Each structure stands twice: as structure tokens, then as C-alpha cells.
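Trainee: Read off the chains here:
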Amino acid sequence: MIELSEEILLRMYYKMNQARFFEEKVEDLLKRGIIDETVYLSKGEEATGVVSGLALEKGDLVSMTHRGHAQAIGFGLDVNLMMAELLGKSTGYCKGKGGSLHIADVLNGNIGANGIVGGGFTLSCGAALTQKHKKTGQVVLCFAGDGATNEGSFHEAMNLASVWKLPIVFLIENNLYGMSTPIAKHMNIENISDRGAGYNIPGLTIDGTDFLEIYDVMTKSLRYARAGRGPVLVEAKTYRFCGHSSDDPQVYRSTEEVQQWQEKDPLFRLKKYLQENRVFTGKQLETIEGEAKSSIEQAAEFALESLEPDITTVLEDVYA
Amino acid sequence: MAKEEILPKSGIDVTTGYSGAEGEAVQKPSLQMPAETEMAATDSEKVKPETATVISAAEIQAELPSEPVQEAIQEAIEEQAAAEPEEDPRLGKVRATPAARRLAREHDIDIQTLLGSGQKGRIQLEDVSRMVIIRPGPSDYRSKEPAVIGTVLDEIAGNSENVYSDPSGEATPETGKIELRKSEARKPKTTKSWGRKSEPKEHEIKKTEVPRNANRNPKQETMPNPELDFVPFVEGEVEPLRDEIIVKAVPMSELENTTFEKNTSDNAKNNMTIPENRQNSAEQLVKVSLETAVITLTTEIDMTEVKDLRKKIAKKIELQSHYRCTYTDFLLMATARALMKHPLINSTFEDHAIIPHAYAHLGLAVDGEDGIIIPVIRNAQEMTFIEMVKSRGETLKSVKHKYLTQEDLKGSTFSISNLGMHGILEFTAIINHPNSAILSVGEVVQRLRVHQGEPMVRSVMKITLNLDHRVADGMEGAKFLKNIKADMENPSLLLF
Amino acid sequence: MMEINEMKKMKYRDAIRLGMTEEMRRDDAVIFLGEDIGRYGGAFGLSAGMLDEFGEERVLDTPISEAAIVGTAVGAALTGLRPVCEMMHMDFVTLGMDALVNQGAKMHYMFGGQAQVPLVLRLPAGTGDGAGAQHSQSLEAWLCHVPGLKVVTPSTPAQAKGLIKAAIRDNNPVCFIEPKALYQTEGLVPLDDDYTIEIGKTLIERPGKDVTIVAYGTLLAKAMEAAAFLEEEGIEVEIINPVTLYPMDMQPIVESVIKTGRLIVAHEAPKTGGVGGEIAARIAESEAFDYLNAPILRLCGMDVPIPYSKELEASVVPQRNDFVHGVYRLLNRE
Numbered sequence: 010m011i012e013l014s015e016e017i018l019l020r021m022y023y024k025m026n027q028a029r030f031f032e033e034k035v036e037d038l039l040k041r042g043i044i045d046e047t048v049y050l051s052k053g054e055e056a057t058g059v060v061s062g063l064a065l066e067k068g069d070l071v072s073m074t075h076r077g078h079a080q081a082i083g084f085g086l087d088v089n090l091m092m093a094e095l096l097g098k099s100t101g102y103c104k105g106k107g108g109s110l111h112i113a114d115v116l117n118g119n120i121g122a123n124g125i126v127g128g129g130f131t132l133s134c135g136a137a138l139t140q141k142h143k144k145t146g147q148v149v150l151c152f153a154g155d156g157a158t159n160e161g162s163f164h165e166a167m168n169l170a171s172v173w174k175l176p177i178v179f180l181i182e183n184n185l186y187g188m189s190t191p192i193a194k195h196m197n198i199e200n201i202s203d204r205g206a207g208y209n210i211p212g213l214t215i216d217g218t219d220f221l222e223i224y225d226v227m228t229k230s231l232r233y234a235r236a237g238r239g240p241v242l243v244e245a246k247t248y249r250f251c252g253h254s255s256d257d258p259q260v261y262r263s264t265e266e267v268q269q270w271q272e273k274d275p276l277f278r279l280k281k282y283l284q285e286n287r288v289f290t291g292k293q294l295e296t297i298e299g300e301a302k303s304s305i306e307q308a309a310e311f312a313l314e315s316l317e318p319d320i321t322t323v324l325e326d327v328y329a
Numbered sequence: 056m057a058k059e060e061i062l063p064k065s066g067i068d069v070t071t072g073y074s075g076a077e078g079e080a081v082q083k084p085s086l087q088m089p090a091e092t093e094m095a096a097t098d099s100e101k102v103k104p105e106t107a108t109v110i111s112a113a114e115i116q117a118e119l120p121s122e123p124v125q126e127a128i129q130e131a132i133e134e135q136a137a138a139e140p141e142e143d144p145r146l147g148k149v150r151a152t153p154a155a156r157r158l159a160r161e162h163d164i165d166i167q168t169l170l171g172s173g174q175k176g177r178i179q180l181e182d183v184s185r186m187v188i189i190r191p192g193p194s195d196y197r198s199k200e201p202a203v204i205g206t207v208l209d210e211i212a213g214n215s216e217n218v219y220s221d222p223s224g225e226a227t228p229e230t231g232k233i234e235l236r237k238s239e240a241r242k243p244k245t246t247k248s249w250g251r252k253s254e255p256k257e258h259e260i261k262k263t264e265v266p267r268n269a270n271r272n273p274k275q276e277t278m279p280n281p282e283l284d285f286v287p288f289v290e291g292e293v294e295p296l297r298d299e300i301i302v303k304a305v306p307m308s309e310l311e312n313t314t315f316e317k318n319t320s321d322n323a324k325n326n327m328t329i330p331e332n333r334q335n336s337a338e339q340l341v342k343v344s345l346e347t348a349v350i351t352l353t354t355e356i357d358m359t360e361v362k363d364l365r366k367k368i369a370k371k372i373e374l375q376s377h378y379r380c381t382y383t384d385f386l387l388m389a390t391a392r393a394l395m396k397h398p399l400i401n402s403t404f405e406d407h408a409i410i411p412h413a414y415a416h417l418g419l420a421v422d423g424e425d426g427i428i429i430p431v432i433r434n435a436q437e438m439t440f441i442e443m444v445k446s447r448g449e450t451l452k453s454v455k456h457k458y459l460t461q462e463d464l465k466g467s468t469f470s471i472s473n474l475g476m477h478g479i480l481e482f483t484a485i486i487n488h489p490n491s492a493i494l495s496v497g498e499v500v501q502r503l504r505v506h507q508g509e510p511m512v513r514s515v516m517k518i519t520l521n522l523d524h525r526v527a528d529g530m531e532g533a534k535f536l537k538n539i540k541a542d543m544e545n546p547s548l549l550l551f
Numbered sequence: 012m013m014e015i016n017e018m019k020k021m022k023y024r025d026a027i028r029l030g031m032t033e034e035m036r037r038d039d040a041v042i043f044l045g046e047d048i049g050r051y052g053g054a055f056g057l058s059a060g061m062l063d064e065f066g067e068e069r070v071l072d073t074p075i076s077e078a079a080i081v082g083t084a085v086g087a088a089l090t091g092l093r094p095v096c097e098m099m100h101m102d103f104v105t106l107g108m109d110a111l112v113n114q115g116a117k118m119h120y121m122f123g124g125q126a127q128v129p130l131v132l133r134l135p136a137g138t139g140d141g142a143g144a145q146h147s148q149s150l151e152a153w154l155c156h157v158p159g160l161k162v163v164t165p166s167t168p169a170q171a172k173g174l175i176k177a178a179i180r181d182n183n184p185v186c187f188i189e190p191k192a193l194y195q196t197e198g199l200v201p202l203d204d205d206y207t208i209e210i211g212k213t214l215i216e217r218p219g220k221d222v223t224i225v226a227y228g229t230l231l232a233k234a235m236e237a238a239a240f241l242e243e244e245g246i247e248v249e250i251i252n253p254v255t256l257y258p259m260d261m262q263p264i265v266e267s268v269i270k271t272g273r274l275i276v277a278h279e280a281p282k283t284g285g286v287g288g289e290i291a292a293r294i295a296e297s298e299a300f301d302y303l304n305a306p307i308l309r310l311c312g313m314d315v316p317i318p319y320s321k322e323l324e325a326s327v328v329p330q331r332n333d334f335v336h337g338v339y340r341l342l343n344r345e
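Residue numbers (my numbering), protein chains in the order written: chain R, 10 to 329; chain U, 56 to 551; chain D, 12 to 345.
Excised from the complex, chain R in its bound form (with noise of 0.2 Å):
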């Protein structure tokens, strides 16, 4: 088991805070009308997106998934925007035009969320192509989720980035449910890592709410991609506390597994070891607590406050 700086585990705990506060002030804005588009919430997931996130190096490059907002929180986006863009604010990262789906800040090694449900594999090859090219020594983290492996572009990417040794680290956010179809009906294997055989890739499967594990094994992962031995495969298991999206009735799956999994909650875990291990006291814990949700409850503020995009931006940015 390896030991965690005090340094990255304050880190870890405020932003597995903030993506969950994130989360449940979405869900709020979205029962009161204020978002009333798409959003696809990854609470009880965090840890995977947080925490791997918290494992990259400075100019390493983030591929997110549609469910991406811990993912962004951990790779470090700022909340303020993030939250103006999922309310369609001028001030977002994409000044309204993207959404949820399409979080990005491209500039800085964050080449955004996906609405298409495996579009971010062959992406994440171009950007290690690149990486490669100008031979930066910087890893490109792909985030997917289950469902997506089942594409076909997930088979030509793990081909491509093996054969030709991106330095790419592919996580697989397994919550064991393809929107509403469990993992034994849309696969037939028990571990996705093991899909990484078929191309001479190492695959791991990890507990996902252990940000212990996580930690670990992402930040071996990356050492192993930048080293120039070629991409990995990791699966993360794990679950989604809430539906798919804003309106699932989650009929698929019954109470007690809810109810089991969230037992497991791994922002519940992080805090546990950060007690047993007295790292931080009862009363650092709660400042962290508290200045996690006031961070998000300014980036509401900030994004409730801000501006309509202009109507005649709808026709900018088309052509660069």
C-alpha cells in the first residue's frame, strides 16, 4: 500500500468534495428549471475522475467522457466555468455553445467531453500521435466508460495506439451499466482489462472507490506510457449513485444494490482513512468540507450571474 502525501490527499479530499457538491448542485439547478438541458451526473463515481486526474503530470493531456464533470474537477478545470457553460452562460469554457457534453479547454491539455459514446479513443491517439511527434514526454488519460468499449472505434484505437506505442493510458469507468443494460448482457467477459490481451496491451482491473488503488495504479500506468512502452488499459469499477440522466426512473436495478454500492461511497472511504489515519482533524475536515461548497455555490452565483451569450455570437466560430 503506498503512502500519500498530506499534501495530495487535501487535494484529493477537497476535490472529491467539490465534484461531489458539483454534482448535487446540478441536481438542484436541474429540479428547478435553471438546467433544463442534457446533463449526465457521475456521482458516486468521483473517485475515478479526481483521483486519476490528481495522478497526471503538468501538461499531461484529459479526453473526458460524457459524464465527465469529476473527471474535469480532477484534471482541473475551474468550477466558475464549468458551471457558467452547463448553464449556457457566455462566461463558459465554450461561452455557451458546448454544454455538459462538451467541456474543453483545449489550450490547456483538456481536449473535452465527448456526446459520443466512444468518440474519444481515436481522439486520444491523435493527441498522443502529436505528443509523440514533438516528442513532449507529456500522456494522454482517456477517459470512457463500459459501454464504450463495445464500440468499434475502441478496437481500431487500442490497435492503432499499440502498434504504434502512444503514450496513452485508457480508463475505463465501469459502473456496470450501459445506460440501463447491466454489463453481463453487453458483454461476455467479467473484467474488461482483459480486452487489452487481444492487443498486447496491459490491462488492470482496479476497485474504483478506492482512491488508494487508483492512485497507485494510474500513476504506474502513466510512468509506463511515458516511458514509450505504448498505451494501458485500465478498468476501474465502480458505480453511479444517481440514473443516467436527469430523467431515468432507474426501474433496471433495485434498491439494495443502490444501497450496497453506496456502502462502498468512496468520498465516505477517503474521508474513513483520512479519520483512522488522523491525518487531518474533525475541524480541518470540515473546512475543507465547507470550502469545497462554498466554491461551488460561488461558481452557481458566478454562472446565475452571468451573461446570455450575445445572439449574434450563433454564427461565429463556425470556420477558424
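Derived from the structure by calculation, the hints contain no laboratory data.
Any given hint could be a false lead.
Now the in silico label distances, taken between C-beta atoms and shown as ranges [stated by the list, open to error]:
1) D:Gly-66 with R:Thr-145: 10 to 20 Å
2) D:Gly-211 with U:Gln-461: 32 to 42 Å
3) U:Arg-145 with D:Asn-343: 48 to 58 Å
4) R:Gly-207 with D:Gly-66: 45 to 55 Å
5) D:Gly-211 with U:Ser-453: 54 to 64 Å
Remember, it's a predicted structure, so these values are computed and weren't measured experimentally.
We treat Cβ as the ideally placed atom computed from N, Cα and C, and that holds for glycine.
Add chains U and D to chain R, keeping to what the hints say.
Mentor: Relative to chain R, chains U and D alone:
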């Protein structure tokens, strides 16, 4: 015995009316069931009511086709009745290209009054521009309509220098001869600018603001208007604009002796007096078409000359053409030539457009195996007598041996039906849609006639022209028949 | 107007290679990826010798994975390279459509202008080599339906060189459609390093006053032949080559139709839903409508898959005589 079956067998370019199904049954019922025909005729102008000679039911009964055919006929009638729309949306509408419409609009030419030279009688730019005199020389003509859609025209209309200022000649002296059409709102009104420039003219402003199609007192507008100067294509500065725009405004129904070539501006100039009913020509066309009648004209031709000539040349012709020449060949020749002189008789009437043709495709009604069919002899106007004999002979041979294709039955511009060989003296055939007329040919018989002052036995033949009155009137038809008669009675000329 | 000093006669295919080579020499960020483009030299021999000059790092043979080729190119373009990638046949672009249409085309817009995708997708298209239904299509209309993409097609060797260079220098995803039938055609090509053809500019290839023909790709040459034939009869045909099919510069076409009053639009691709319909519709919406003196005529491929037999193949796409008869028809001569 008047077995009347001059009916489109099939394939005659049936774009409107006549269900288009194998034509056999299409019009037959009109003889057998007069009551139904009458109804059909009023239902739709497309079915031309006939003024055919009355034939007694008994006579027809004797000639009725077999049972199954009758059933088919009955079905066809019902189908046709069911398929016939209440009102044809094309009714009274003109086929014209956008460019033609634009030019007509700009010059207040009533497009309804024009003859189209394009496909299916479509009015083209050229048909309209013939009505407009444009100064020869380098063309600096520009459209007077706004070039840019969505310009705020009110702003620029105030500038009298602006080319968009109304050049339509609203203040042009009115001759009174030309009535303005209802014109679409098309240009910014410049009346305001006049008002601004000189107060005393305020009276005129009110006048000019009256809708353009309203009656106006010409005197109030005869004052010279400097703003007309920029109209670049009008010849002469003093002469009023309107006189330069020659409008051929004679409705088709009033055209006398019109040939296609006469649509030139020179001739149009002679037609400067606009008939009073021009304004209503569109409505008139519709009205006429609804109440249309077929005119029947009969004349007798002295065939003695033809008979003698035929005797003399028959052998030689047969050697050259491999077919025996008949009276019909003479008649076909004479008809083709007469048609060239009377394009209106040689026109088709479709989609409310009259299309005169520059060629004569003669439909020849013949007795096919299962009924009358009308194969077409193409470009008859170009044929020499021998070619005609050959062409007619081959056509009949094709009918006999069933070589005919659908194409061979399409595209006639005029039809001839000859029942003379069956002993019919005189009859009226039904016009083969979309032709405008049909010639019915009777038997050549010996009759006592006064010839060159002496009573003599002469061979005579009666021919009857059935003519759609919407297309041409009786005078035109009469002149046409006279042409044929003249040629037939002096047949040697037909050989050249 | 650029001054053109030196010209050399070369094939359309070689002109494209020349253009690519010049741009790769000029800019290290330009890379070239596709199937069998390296040692093999490309399915049509277009990239022969490029591997030797630029090495495996810049001329990349890919697996047979069109989705990965296009996706990788988009990703690379997004992060700072200027990839040129080749589909062996345009038909295969359907396999890379997601990366092109859903990703590359939209990124600049949906990321609020912060990203650029300077990508060239080379698409050998069309009939002429008896390659059958899955290797002969002209799918430009699909691409012209996607805002954010640029679609260009050169019709002569000189245009091929100028346009591939302009496409590589463009900061947007450019679909570069190369009619395969033109690969072996020859013409004078400027050797100037900076000779480019402006994207988004329609060219008047031949002036005339009677009928306007808009044609591109293989049909441009056929239209030009027809125009030469018709000239002998005193009919002056104006031929317009849009060059950039999307977003198309309509103004020269509008002005031409105002002049002639008659319009024929032509392409090899099937008539239904084709680019020609769009041109016709835009003319109908434009000022030129009031100057039309005949219906607009589309001479297009038939709405059938491209058949294999050479004779059948030629019968489904417009030929020279179709242009001649089309012109006659608009002039009421038949």
C-alpha cells in the same frame, strides 16, 4: 354508315384529360351515351363537347362493339369520372419563365395575352421582349427592380437620382388606349419625393397615390416628368413612354389569320388599338374554354382533276415508291401545305396554352385490328408527293403488320379521318386531343355539277373540318378549307 | 493575382504529391497518414517517394482502420499538428464519419472557438476505373451538409496543386475530393512554392452568354468539350467551376445566370439530395430567379449504385452529349 371512331387509340401525348389509359374507350361513350357526355363536358372543359351530327341510337346499336369491349368502356367512363378533379389548378394560369414574367411586369404587359414559343407553349423572355422596343445599340438596360432583397427601400426612394426611384412612368401621359393591368406592388413609391420637391404639386401626389389600376384622368398626368429621363431603353425623349411599349393584346379567340411569325413588333404596332375586352382576357379565356364549342365546316371538292391526274401518274409513282398512290395522298399533301399557312389549325391546345407548330405531324385515322388507331406521319410539310405516298403506304403497312410502337402514335398536330371507302358521304369526326382540329373525308361520288358553265358529271368529295373554337374561329377554318380545296382542284401543283 | 513564372506539365496525381511535398518541407507539423501510403506509395501511386523523403514519423502507414485514421487526424490536429490523411477511396469515409462529422467539424464551434482542427482529408472519388458500387461513389453531398467542414474539389492539375496547398494551410477540416478519373490527366502546373488556389472562391472557367453550366470534377472537362462543340453552332456556354463545394461562393453563379437566364448544374453524384439541387435552390432564392428564362436543369448521376461494367458505369453518369442535349433543351432546340 356513320361508325364514328376517330379516337385516340393510345399514346397521343395525353397530359391532361382522357385518363390516358389505352385510349380505345376514352371517347367512344360520347356517342353511345350522349347524356353522360354532356355531363362530362360541363364537368370539365377538357372534354370537348361535340357538335357532331346526330346519329340515332339504333344506328349506333348496330355498330356497337362486342360485349367485353362495352364493359371496358363502361369501366373507363366510371374511372374517368372518378379521376376527374373538381377544378384543374392549372385553369387560367399562364406558363411563363421568371424572366418573362419580370419583363412583363416591368412593362405592364399582360402576360396572359402572349403566345409562348417555349416548350408546351411556355412564354419565354423573347416572347415578351418582342412586345417591347428597346433602343438598339449597346445595352445599358438595368432591371428597375431592387437588386438587393431586403433593402430599406423607403429610404432610398426619396432620392430622385436613385435608380430605384419609380421609373414606371406613373406620371406618363396616358393615351387612354392602354389600360393598366393590375400590377404587383413592385417598386418603391416615389410620390413622396415629388411632394417634397415642390409643394404646389401636392394635388398630384394624391392622384399618383391612387392605385395604379384605378381609372385616372390622363390630363392630370400629362405634365413632363424629368424623372423619366433615366429610363434608358426608351427611344425618343418627347414621345410618351407608353407609346413605346407595344402590347399585343388581342386574345387568341380574336386572332384573325394570325401566323406565328406575325408576332413581331412591326405587326404588333398595327394592333395598337387595344380591344376593350383586353382587360378581361384571362377571364375570357377561361369562360370561352368552359363554354367552348366545336365548329363544323363542310366543303365540297371537285375531284375530277385529281382522279384524272392519278390515273396518269399511278404507274410511275408505284415504280418509284412501291406503293400505289391514292386520293388520300393528294389530300395529305394539300392539308400539310394548308396547315403551314394556318398555324392555328395546326396547333395543340394543352394546359390552357395554344401551341402552334412549325411542322405538320399528320395523324391518319385507320382501322387497326382492334379498333381505330391514329398513326402519325411526321413532318408532312417537307415531303414530296412520292415521299408522301411512301410514308403513307409504310404507315398503313405498319398498322397491318402491327409494327407500330407507342411512339408512332404520339405527337400529331392535326388529324384526318377518311371513311370514304366505307361509303360515307359526309361526317364529323371527334377532334383528336390535343389537336385543335380534325378533317373528316367522305366518299368520292359522281354528281351532276355545273362546270365551266356546263352541266357535267363530276367526281366530288365532301370534307368537313371540326375545329376547336377556343383555338381558331370559323373564318380561319374556312380559309384553311379554301386552301385545301384550291390545291385539290389544281392537283398538279401538289406534285412539286 | 499572383505572378506565375515557371510551369511544368504534369499529371493531376503528381500535382497533388508536389503540393503535399512542398507543404511538408515548409512546415514540420504537417504529417501524412493513410493506408499503404508509405513503401507501397498509395493505392494510386500518389505518394510514391514521400516515405523516403520524410521518414516514418511523418508518413505513417496505418492499419486498415478508417475510424482510427480520421479520429487520430482530428485529435492530432486539435493538439497542434496539421495532418493530411487519405481514404483509399472516398467510399470508406463512411467508416470515419463520426470522427469527421461529430468531432472534427464541430469542435471549433462547440468549444467556443478555442480549438482548431487544421486537417485535410483526401478522398479519391468517382467513377472511371470500373471499381464498382463500393469504390466509385461521389459522396460530396454528405459532407456539404456539415457546417464546419470545407469541401473542395480540384478539376485540373494546376488546381490540384494550388488547392491541396491551400487546404493544408487552412485551419479547418478540409475534405479534398480527388476524382480518380483525373489522376492521369495532364496539364501545366505552376512550380511556385506559394501558388495556392483560394478556398471559397468560384472560378469562371469559360465565359459565355447563352447558357450557364456549373460543373466540377470529371464533369468539368466534359462540359468544356460540349461547350467547344456548341461554339461551332454559335452557342456560347459559360462554364463555372465552384471549386469549393462548401461553403460555396454563389455570387459568380448568380451573376452568370442573370446574364444567361439558363442554368445547368452537373455532377457525377446521384441527383437526389446532391449539391446540384442546392445550387438550383439557391439560384431560385436569389436575385437571379427573375432572370431565369428556362427551368434549371440538373445533369447528375442516376439514383443507382455505380455498376461494375464499364458500359453500365458510363451510362449512369453524365457524358459530353448529355451536356449538348441539355443546352439544346434549354434553348428549345429539341
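Trainee: Does each hint fit the structure? Answer for all of them.
Mentor: Here's how the hints hold up against the structure:
no.	hint	result
1	D:Gly-66 with R:Thr-145: 10 to 20 Å	holds (19 Å)
2	D:Gly-211 with U:Gln-461: 32 to 42 Å	violated (50 Å)
3	U:Arg-145 with D:Asn-343: 48 to 58 Å	violated (21 Å)
4	R:Gly-207 with D:Gly-66: 45 to 55 Å	violated (30 Å)
5	D:Gly-211 with U:Ser-453: 54 to 64 Å	holds (59 Å)
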